[in-house]
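As a plain string of letters, each chain reads:
Protein chains: 2
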Amino acid sequence: MKVTTNLRRESTRSHAFVRLSGDEPMTKSLRRPASDAVDRLLNPKSIAVVGSLREARFGGYVTTNNLLRFGYKGKIYPINPQYDTVLNLKVYPSVKDIPEPVDLVVTMAGAPAVPKIIADSVHNKAKVAIIISDGFGERNEDGSRLQQEIDRIAEAGGLRLLGPNTIGVANPAIGLVTTPYRVSYDKMIAGGVALCAQTGLIGPQNMPLEETHYGISKMCDFGNKCDLDEIDLLDYLVNDPETKVIAMHLEVVRDGQLFLQKAREVVPKKPVIVLKPGRTRESQRAMASHTGSLAGEDVIYDSAFKQAGVIRVDNFRELIEIPKVLATQPLPRGNRLAIVTISGGAGVMAIDIASTHGLSLAKLSAGTLEKLAAVSPVLASNPVDLGPGLPAYQVAGGIASPFPAMIEAILDDKNVDCLAMACPWGVRGKIAEVFGPMAKRNTKTTAVWVAGPSLAMAEEMNRDFEAIGLPTYPDGDAAIKALSVAVRYSRIKAQFSAAKGQVR
Amino acid sequence: MKVTTNLRRESTRSHAFVRLSGDEPMTKSLRRPASDAVDRLLNPKSIAVVGSLREARFGGYVTTNNLLRFGYKGKIYPINPQYDTVLNLKVYPSVKDIPEPVDLVVTMAGAPAVPKIIADSVHNKAKVAIIISDGFGERNEDGSRLQQEIDRIAEAGGLRLLGPNTIGVANPAIGLVTTPYRVSYDKMIAGGVALCAQTGLIGPQNMPLEETHYGISKMCDFGNKCDLDEIDLLDYLVNDPETKVIAMHLEVVRDGQLFLQKAREVVPKKPVIVLKPGRTRESQRAMASHTGSLAGEDVIYDSAFKQAGVIRVDNFRELIEIPKVLATQPLPRGNRLAIVTISGGAGVMAIDIASTHGLSLAKLSAGTLEKLAAVSPVLASNPVDLGPGLPAYQVAGGIASPFPAMIEAILDDKNVDCLAMACPWGVRGKIAEVFGPMAKRNTKTTAVWVAGPSLAMAEEMNRDFEAIGLPTYPDGDAAIKALSVAVRYSRIKAQFSAAKGQVR
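Chains A and B, in that order, give the protein sequences.
No gaps in the numbering here: position 262 of the first sequence is 263 in this note's numbering, and each next residue is one more.
No gaps in the numbering here: position 456 of the second sequence is 457 in this note's numbering, and each next residue is one more.
Mixed in with the good hints, there may be bad ones.
Claimed, not checked - Here are some chain B residues pointing at chain A (derived, C-beta under 7 Å):
#1 200
#2 212
#3 281
#4 287
#5 344
#6 346
#7 353
#8 362
#9 476
Said to hold, decoys possible - Listed next, the stretches of chain B that the computed footprint assigns to chain A, with coverage defined by at least 3 CB atoms under 8 Å from CB atoms of chain A:
#10 55-64
#11 86-94
#12 184-197
#13 251-261
#14 449-456
Stated by the list, open to error - For lysine to aspartate or glutamate, the following EDC-like pairs were computed, each having C-alpha atoms within a straight-line distance of at most 20 Å:
#15 B/364 with A/283
#16 B/372 with B/413
#17 A/364 with B/283
Hints in this document: simulated from the structure, not taken from any laboratory.
Here a beta-carbon is modelled for each residue, glycine too, at the ideal position from N, C-alpha and C.
I would like the entire structure built from these sequences, with the hints used as guidance.
This is the structure we're talking about:
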């Protein structure tokens, strides 16, 4: 029952990074292998939903309805002793009464009822259970005891748990959406970003995933992490063919040593982007009073992430936005940036952001400058400034008219590794036509932003760009920061591969 | 003719901050007093528009039409020898033929035609001219000479100039909009933010001012600054009763010494927020090659701004967003922040941002905690977390139900100076009803953000908040950064007042 209570969360097996300094590292042998369970969690063939089946804005009815609305094709078993059918599905009085072992049990029943539900799930030989219910370790000592109890029952019975205090998971490719909150849309876009978090801020109930055409491979809210955690998801996602980039929000890393070891295995294959709150003493105190993790460890996190090739971002917006460029674009070979701007002033600001983040302004080749000048003399420089020519383009062939030749010239230039492109709103309605060939070619890391006097119009254009595989950002700063992360990952990947080569 | 070419702009009288170190400061006596001209620029009783009157997306027809659409009530004189009437207005062949002296001449005629138009404007005894046309100092040496020529003609004739290479000005209170680009809406909101820039990124042709209910007092694009500049606008805006906060984007400060002196006069009365690009060597080079300003001066700008009490922001988004809280909210008495969050995880992130920017988490008084607990036991802490109770509120009285008593308790607490408030999308449609009393009370500096699964819905709610005078931000980070600037300005104002007291 949440969107969400992390502040009061307590990880019953909390192992903070302070352990890195030698104090009782959790050894690998303590962990049960979970890849099969995580696969069932994210690709269940059958799901039992245990909770209120009253038509409301929250509960078992909503989860069941979400599964149907998002097109989940597996078997759904609503569980409730007071109903015979709901949403044309047969209702079973308890998990024990389901005629087959299910892959996944989802429950949002009140905390005191959960141990019985877990025991029933063990009896059913279910593979994994999502405990959406709150009132456990995050609440108080009674809750902690209850959490330990369900953990014990599950472990003894070979059942794996996600949560408690989670909104669960999503897998757009199969219409899997376990959130117990009503969602205002009924379609998620399948894509390359795996998004994991220790907060219900993620998930379709709270993110405009459809409106922004945001492509998700898998989504997972860890909740209190009484069992499955970031290590288990890394283990699974590194081999998940749909996942191109892994983005994680982590309040507590349960086993720092092991996390770094896993990350080092994953990073040469896929980028790992992490948001780790608790940068300041005040927020550390806020978390520490509830999670038992020690204050003062942020510097340790910072350097540990760097060692492991994990890229740390500064805020939640970046955690969501930055992975898009990594999920859809080729990796840049260098840091040389071409900028397309609709204003000289914006061009200067773009250079500021670029050089702050380690990108350099590409020196366009003489051939490129000639080709640009052939489109319009005022275009022959980097930043390529559409501004001065706008009135002329409007008269000549429309604002879209200079784009195809201009973009081709830039993409053909061997001095260009990546492209940050502003798109004026006059190109509205022609995105696929004008930029489709460029998106198909997919040779240089590109990030786009739309500027204009209407939010609705910009959002429509962003969707059109995302639909052809070009990632969009709210402004030039965000686009360029994302490109700089792609450059950084490209270097990290090369370093890790070189280091591996040396070890051989 | 622009959106915009600052990269190639050249300020013919460029005086960079390097002058601060003693080298030939521009003395005050070289400047002609401009406050009357700036008043005519921003409150003209009559306007001549010189440019193409063909119905198009750019030009004199568009400017004339914009003035009519935005409800400008003064006299409009379209100028063109080829037309008799346009948009039901009598057209005059030249500015010389206008039967009365006009306050303002606006021209977007081709650069070579501009000297004649300026001479005609002098003949007309016009007060001020906006030269939208480009192809002057920002283009090449010929353009520089042309710019010097018009400057000479104007100065000799007592005419003041804005530009060239500008989109001009706006004053929503009187429907004044000089942009030569078609605007997709026809209403600007009058408010407390004066927005000045050396770029056409500002202005209704490029900003969703109506959709975001953004309240503007005055807007001014300086362009090449051949005459009127930031000093003249500061002089005017400090006494403009509509202006509560002054936000400026400045590529080049023409007279550093004088700017600092002016800023020191303004800052005790109104906050001055500045975006000064050119933080890095690469962007400095990009500007330097076209403006003649010297590289390496960013540190000097930084410390000079600090001395003068000018608050420097990091990017264009902040330049636009941060002033909203200063334009609408009371100044905070201290730095103690209350946070309303819909998620514990978001609460931790909010504390991170707050403490990074010098805010401290308010310790709610025992009385406040009691009052919050009376609404719901899970609310009794700071951050005040709506998350755990959401399902219960949905059942009880709707998601809006806890807000009135909760907000009142927080605002009554003497330990709270400012409030960062997340609003869940379930409160949609009830903003005025639920938050109207709080907005009316207007006792504590407040910034709001809306979280939810739909952009359109969030935008609608943001508009509803802005309409009752509560400033909205895209996320908690932006809201808290804005509050931190309000705290900073509050301190600066107190320091400047104390220093003034000592001098007496």
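**Request:** Mind taking a look at whether chain A covers the stretch 55-64 of chain B? Criterion is 3 or more residues with CB to CB distance under 8 Å.
**Result:** holds (count 4)
**Request:** Three residues minimum, CB to CB under 8 Å: does the stretch 86-94 of chain B make the cut for coverage by chain A? Let me know.
**Result:** It is violated, with 0 qualifying residues against the three required.
**Item:** Coverage claim, chain A over the stretch 449-456 of chain B, checked by counting residues with Cβ within 8 Å (three needed)
**Value:** With 5 residues in contact (Cβ-Cβ under 8 Å with chain A), the coverage given for the stretch 449-456 of chain B holds.
**Prompt:** Taking the least C-beta to C-beta distance, is residue 281 of chain B closer than 7 Å to chain A?
**Reply:** Holds. Min distance 4 Å.
**Asked** Does residue 200 of chain B meet its interface restraint, that is, does its C-beta lie within less than 7 Å of any C-beta in chain A?
**Response** holds, 3 Å
**Prompt:** Do three or more residues of the stretch 184-197 of chain B come closer than 8 Å to chain A, measuring C-beta to C-beta?
**Reply:** holds (count 3)
**Interface restraint verdict for residue 212 of chain B against chain A (beta-carbon cut-off 7 Å)** = With a closest approach of 5 Å, the residue 212 of chain B hint holds.
**Message:** Hint check: residue 364 of chain A vs residue 283 of chain B, CA-CA at most 20 Å. Holds or violated?
**Reply:** Within the cut-off at roughly 12 Å; holds.
**Asked** residue 364 of chain B and residue 283 of chain A: Cα distance at most 20 Å?
**Response** Satisfied, since the Cα-Cα distance of roughly 12 Å is no more than 20 Å.
**Message:** Need the status of pair residue 372 of chain B, residue 413 of chain B: alpha-carbon distance at most 20 Å?
**Reply:** holds, 11 Å
**Message:** Restraint: residue 346 of chain B near chain A, CB-CB cut 7 Å. Satisfied or not?
**Reply:** Cβ of residue 346 of chain B sits 3 Å from chain A, so the hint holds.
**Interface restraint verdict for residue 287 of chain B against chain A (beta-carbon cut-off 7 Å)** = Hint on residue 287 of chain B: holds, closest Cβ of chain A at ~5 Å, below 7 Å.
Hint compliance for this structure: hints 11, 13 are not met, and every other hint is.
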